[in-house]
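Using the sequences and the hints, build the whole thing.
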Amino acid sequence: MSILDSKIPEGPLADKWTKHKNTINLVNPANKRNIDVIVVGTGLAGGSAAATLAELGYNVKTFCYSDSPRRAHSIAAQGGINAAKNYQGDGDSNYRLFYDTVKGGDYRSREANVYRLAEVSGNIIDQCVAQGVPFAREYGGLLDNRSFGGVLVSRTFYAKGQTGQQLLLGAYSAMNRQINRGKIQAFNRHEMLDLVKVDGKARGIIARNLVTGEIERHSAHAVVLASGGYGNVFFLSTNAMGSNVMAAWRAHRRGAFFANPCYTQIHPTCIPVSGDHQSKLTLMSESLRNDGRIWVPKRKEDVEAIRAGKLKPTQLSEEERDYYLERRYPAFGNLVPRDVASRAAKERCDEGFGVNKTGEAVYLDFAAAIQRYGKEKALTSGIHNPTAEQILEFGEKVIEEKYGNLFQMYEKIVDENPYKTPMMIYPAVHYTMGGLWVDYNLQTTVPGCYAAGEANFSDHGANRLGASALMQGLADGYFVLPYTIGDYLSHDIRTGKIPTDTPEFDQAEKDVKDRIEKLMGGSGEHSVDYYHKKLGKIMWNKCGMSRNEKGLKEAIDEIAALREDFWKNVKVPGAANSMNPELEKAGRVADFLELGELFAKDALDRNESCGGHFREESVEQDGEQKGEALRDDKNFKYVSAWEYKGEPKDAVLHKEDLVFENIELKTRSYK
Amino acid sequence: MNLTLKIWRQKDAQSKGKIVEYPISGIEGDMSFLEMLDVLNEELITKGEEPVVFDHDCREGICGACSLQINGEPHGPDRLITTCQLHMRKFNDGDTIFIEPFRAKAFPVVKDLMIDRSSFDRIQQAGGFISVNTSGNTIDANAIPIRKEDADEAMDAATCIGCGACVAACKNASAMLFTSAKVSQFSLLPQGQVEATERVMAMVNQMDEEGFGNCTNTGACEIECPKGISLENIARMNREYMKASLKG
Chain A
-18 MSILDSKIPE GPLADKWTKH KNTINLVNPA NKRNIDVIVV GTGLAGGSAA ATLAELGYNV
42 KTFCYSDSPR RAHSIAAQGG INAAKNYQGD GDSNYRLFYD TVKGGDYRSR EANVYRLAEV
102 SGNIIDQCVA QGVPFAREYG GLLDNRSFGG VLVSRTFYAK GQTGQQLLLG AYSAMNRQIN
162 RGKIQAFNRH EMLDLVKVDG KARGIIARNL VTGEIERHSA HAVVLASGGY GNVFFLSTNA
222 MGSNVMAAWR AHRRGAFFAN PCYTQIHPTC IPVSGDHQSK LTLMSESLRN DGRIWVPKRK
282 EDVEAIRAGK LKPTQLSEEE RDYYLERRYP AFGNLVPRDV ASRAAKERCD EGFGVNKTGE
342 AVYLDFAAAI QRYGKEKALT SGIHNPTAEQ ILEFGEKVIE EKYGNLFQMY EKIVDENPYK
402 TPMMIYPAVH YTMGGLWVDY NLQTTVPGCY AAGEANFSDH GANRLGASAL MQGLADGYFV
462 LPYTIGDYLS HDIRTGKIPT DTPEFDQAEK DVKDRIEKLM GGSGEHSVDY YHKKLGKIMW
522 NKCGMSRNEK GLKEAIDEIA ALREDFWKNV KVPGAANSMN PELEKAGRVA DFLELGELFA
582 KDALDRNESC GGHFREESVE QDGEQKGEAL RDDKNFKYVS AWEYKGEPKD AVLHKEDLVF
642 ENIELKTRSY K
Chain B
64 MNLTLKIWRQ KDAQSKGKIV EYPISGIEGD MSFLEMLDVL NEELITKGEE PVVFDHDCRE
124 GICGACSLQI NGEPHGPDRL ITTCQLHMRK FNDGDTIFIE PFRAKAFPVV KDLMIDRSSF
184 DRIQQAGGFI SVNTSGNTID ANAIPIRKED ADEAMDAATC IGCGACVAAC KNASAMLFTS
244 AKVSQFSLLP QGQVEATERV MAMVNQMDEE GFGNCTNTGA CEIECPKGIS LENIARMNRE
304 YMKASLKG
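As given, the protein sequences belong to chains A and B, one line each in that order.
Numbering follows our numbering, with no gaps: position 148 of the first sequence is 129.
Each number in our numbering comes from the position in the second sequence (counting from 1) with 63 added on.
Keep in mind that the hints were calculated from the coordinates and are not lab data.
There could be a bad hint or two in this list.
[Stated by the list, open to error] Heads up, simulated BS3-like pairs for lysine-lysine below, C-alpha to C-alpha not over 25 Å straight-line:
#1 Lys358(A) / Lys211(B)
#2 Lys515(A) / Lys534(A)
#3 Lys626(A) / Lys499(A)
#4 Lys626(A) / Lys178(A)
#5 Lys356(A) / Lys211(B)
#6 Lys607(A) / Lys279(A)
#7 Lys552(A) / Lys110(B)
#8 Lys499(A) / Lys110(B)
#9 Lys153(B) / Lys401(A)
#10 Lys153(B) / Lys393(A)
#11 Lys514(A) / Lys110(B)
#12 Lys358(A) / Lys378(A)
#13 Lys(-3)(A) / Lys636(A)
#14 Lys110(B) / Lys515(A)
#15 Lys626(A) / Lys549(A)
#16 Lys338(A) / Lys153(B)
[Said to hold, decoys possible] Pulled a few chain A residues facing chain B out of the computed Cβ check, cut under 7 Å:
#17 Ile56
#18 Tyr120
#19 Ala140
Beta carbons: idealized from backbone N, C-alpha and C, even for Gly.
Written out as structure tokens, the structure reads:
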């Protein structure tokens, strides 16, 4: 029996959550006033959790490294949020959303968690509309939907290409209301540097005030980590520059198991890398795959001519183009899940069909959609014999209404007009499905320490479907955690305030200060970015879209060596007792250098291909699926949860077996 | 290209700042403005100097963290973008570029080019919300149809990223465009009507208390706003304010 207890409630799938809510302990309103909760991170999960906990009456302290909670990287989510509302009457249901999510995650997520996610998804939309989130609407005044990859219904709600921004500002406004009431104390420009445990329970954090450099102690009866994902271990990703794993990793070092670190989502539609100076990558929303068709030329000589600037993509006829997703996956076409689309792009580029100077780009073409929409719009505008120019004009206008901000973003970065010539895109690191292991209540293996949103591992298995991150973040923060944490806090109504002048806080503060001193005391040979970029290269080349035993073993050794070099030779200018962005970066990269190795170790252990994790040793050998990823349910139908034991190489693996009672395990086919 | 950068350096909020000149070379047109500053900082670190501090995070124009007054213009010479989306192809070899923080009494400098915009947060905290608790029992999202035009207009106002360019562009350092964007978003939606009176009064009072200046309708804010927030929002807020004042 595993030491991991997922605490999944008994009973039929559809009744579990309701039954659980009805039986867990509650804290009465008068007692909530005596209980403190720390929330680290103020994105969708943290912001919504903080606001809801404060509404319930708890005293909440929030922490974020930005100058305002409104800047959390949830804000950059573009395309939308899923919910099983079935407003389109196209056969959607909680079960179907549950099924799509488990299948999309390649059968590596927990049934009970995912069903609950589907169950509360509709409430999220109701709640956000009540908050004043301006979702897109149809002319009749009702909410509009669009489709995302990996599903056959339209269940994605959106606010232009800025859905994450609008949902985050909704959560931020809910937080502001509680800040105004004095129920939330917001510590902005603060970073959590350690988790403090007292008698085995999470009772506070050590944080650094990023403006003054002061090290502060904060106590609470429970600590919620909603600090996002760790995609920046690759240096280049679609994450914000500051996104980091520190809060989660510090908790891991204090006993929280880290689950499935190797599950990374490489998003198929990002703007390709342009040079060595590149600091981050920009996503072009998956929603573009509703209307864009992905292709490369069929012939190598056309590829050469395009790269040399002698041929324009618009000059190639339909017959000369390889719409490889439509060719390989006729049922889902351009809307296959992200992992499938990314690998297909890599396959074409590896074969030499990449269309830019680096050979790492494919086309995303809107010409067909512009024609289709243009004709429709001309008709509805009363023009029955439109000219080619009119069709183009109408069509471009429709596309602009749908994706205007994305097209503008593309044009500013690439300096090409995507209305006139196809976009160039290439996969980039986007999201991490792995994260802190949590039980059904979202509690980590450290009692009193909870994890929500991208920071936990629970709902997306080995691959996340589009528009599900926003759904999960808000489900955790608005509707799950505020209930489940009450069960734990009900035992704390007589505890009283947690003092910070105790040996446990003394020790944690000392550890933090020693570490800062060590970071500041390097020989000063190389900058923090030098190490971060090196780590990113190892990760991308050996732990990226396709992985093999040899590469992973090399990665483990190389990362360990790089980490040793980092601690000896990193250069951090300035002082620790004042604002120092280089010191902040150094602390984060130090943690990435540990996480990266565990990542590779986890990828090495998982000798199967599933979702975003593709092992070259594990592919279908023949039949219709030949060359596709081969999952191995017999040997790997588990969550890997790693226990910290010092160096990453000494981490101990615990397995949580995944039980599928409501879904039959099948080969994931999008053909 | 080779450029001369003239950058505002200031140790902390208490110290006096000054412009310091830095020559820089090897800059490519494909680099973003902030990547150009990354190059400078890497050079400074190698020389053992302290890098230039500036706010930035998402680097795709949506978080609102980046700022910078570039040659006297918030977010630089290009339109409808933030500094992180500005690319060096907008500059020429041999250019001198002045880089300063956004200037306003309500935006004190933290260090170098980094400013304190918590005054914006406090305006939002005063009333930039709809008082609805999280319950899971609110009415169905489609129970109240909203005209598409109203929803779209509310969305346009809601796209404000809170960067502060409007304040930096204004000769009075007024925060009217920022505040009115939020007031407008809610006033255009039925959900926002209930608290309309209290909201506009509280937000405008807070705005004044923070030391932002008055609006004299020059329209500079609208021109410099990276999200194209319209001046109409200010007119709408003025109407809302008038209505609220009459209600007392």
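Hints versus structure:
1. Lys358(A) / Lys211(B): Holds, at roughly 17 Å.
2. Lys515(A) / Lys534(A): 17 Å, holds
3. Lys626(A) / Lys499(A): It holds: about 21 Å lies between the C-alpha atoms, which stays within 25 Å.
4. Lys626(A) / Lys178(A): 17 Å, holds
5. Lys356(A) / Lys211(B): 22 Å, holds
6. Lys607(A) / Lys279(A): Answer holds: Lys607(A) to Lys279(A) is near 21 Å, not above 25 Å.
7. Lys552(A) / Lys110(B): OK: Lys552(A) and Lys110(B) at ~11 Å, within 25 Å.
8. Lys499(A) / Lys110(B): The hint holds at about 21 Å.
9. Lys153(B) / Lys401(A): Cα-Cα ~22 Å, so holds.
10. Lys153(B) / Lys393(A): 10 Å, holds
11. Lys514(A) / Lys110(B): 20 Å, holds
12. Lys358(A) / Lys378(A): 9 Å, holds
13. Lys(-3)(A) / Lys636(A): 23 Å, holds
14. Lys110(B) / Lys515(A): Answer holds: Lys110(B) to Lys515(A) is near 21 Å, not above 25 Å.
15. Lys626(A) / Lys549(A): 22 Å, holds
16. Lys338(A) / Lys153(B): OK: Lys338(A) and Lys153(B) at ~22 Å, within 25 Å.
17. Ile56: At about 5 Å, which falls below the 7 Å cut-off, the nearest Cβ of chain B leaves the hint on Ile56(A) intact, so it holds.
18. Tyr120: Where the cut-off is 7 Å and the nearest Cβ of chain B is about 5 Å from Tyr120(A), the hint holds.
19. Ala140: 6 Å, holds
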